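Chemist: Sequence:
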Amino acid sequence: AEFHLSSTDKKLIERVCQSFYDFACISVSDLKGVSRLPTLKGQITTRKSPCGEGTNSWDRFRISVHQRRFTFSVPRSVLEKFANFLKGSNVDITLKIKG
Numbered sequence: 005a006e007f008h009l010s011s012t013d014k015k016l017i018e019r020v021c022q023s024f025y026d027f028a029c030i031s032v033s034d035l036k037g038v039s040r041l042p043t044l045k046g047q048i049t050t051r052k053s054p055c056g057e058g059t060n061s062w063d064r065f066r067i068s069v070h071q072r073r074f075t076f077s078v079p080r081s082v083l084e085k086f087a088n089f090l091k092g093s094n095v096d097i098t099l100k101i102k103g
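If you count by the numbering used here, then the sequence shown holds residues 5 to 103, one letter each, in order.
Read the hints as simulated data drawn from the structure, not as lab findings.
Just so it is clear, the structure is predicted and the values come from calculations on it, not from any experiment.
Don't take every hint at face value.
As the list claims (entries may be wrong) - No farther apart than 30 Å at their CA atoms in a straight line, the calculated lysine-lysine pairs in the DSSO-like style are these:
id, residue 1, residue 2
1, Lys-45, Lys-102
2, Lys-14, Lys-36
3, Lys-15, Lys-100
4, Lys-45, Lys-15
5, Lys-52, Lys-102
Based on the provided sequences and hints, a complete structural model is requested.
Modeler: Written out as C-alpha cells, the structure is:
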C-alpha cells in the first residue's frame, strides 16, 4: 500500500509526515520512511482589468504543491488506523493499494 500526501504548505506536510512516521513505526516493522516526490509548480498569468480596456497590466499567480509518499505492507485493520490518524491533518491524502 502507498499513502501519497500533498499540500501547498511545506512546513505542514513535513510536520504531518514526521508525526505519521512516528505513529506508523509502532505498527509496521518494514516501513521504509518517507519518499519526497518532485514539487509540482503551476503559474497563471491574467489581465488585471476585467473589461479589457486601459493599460495592459498583468497579475501572476503561482502555486507549489509538495508531495510525500509512504510505502508499506500491512493488513486492512492497520490501514484503517492510519487513515483515521491522518483524517484531520489538512493535507490531501491518496491511498493506493497494490494487490
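Chemist: Now, for every hint given, state plainly whether the structure supports it.
Modeler: Verification of the supplied hints:
{"no.": "1", "hint": "Lys-45 - Lys-102", "result": "28 Å, holds"}
{"no.": "2", "hint": "Lys-14 - Lys-36", "result": "21 Å, holds"}
{"no.": "3", "hint": "Lys-15 - Lys-100", "result": "24 Å, holds"}
{"no.": "4", "hint": "Lys-45 - Lys-15", "result": "17 Å, holds"}
{"no.": "5", "hint": "Lys-52 - Lys-102", "result": "47 Å, violated"}
Consistency with the previously given hints fails for number 5 only.
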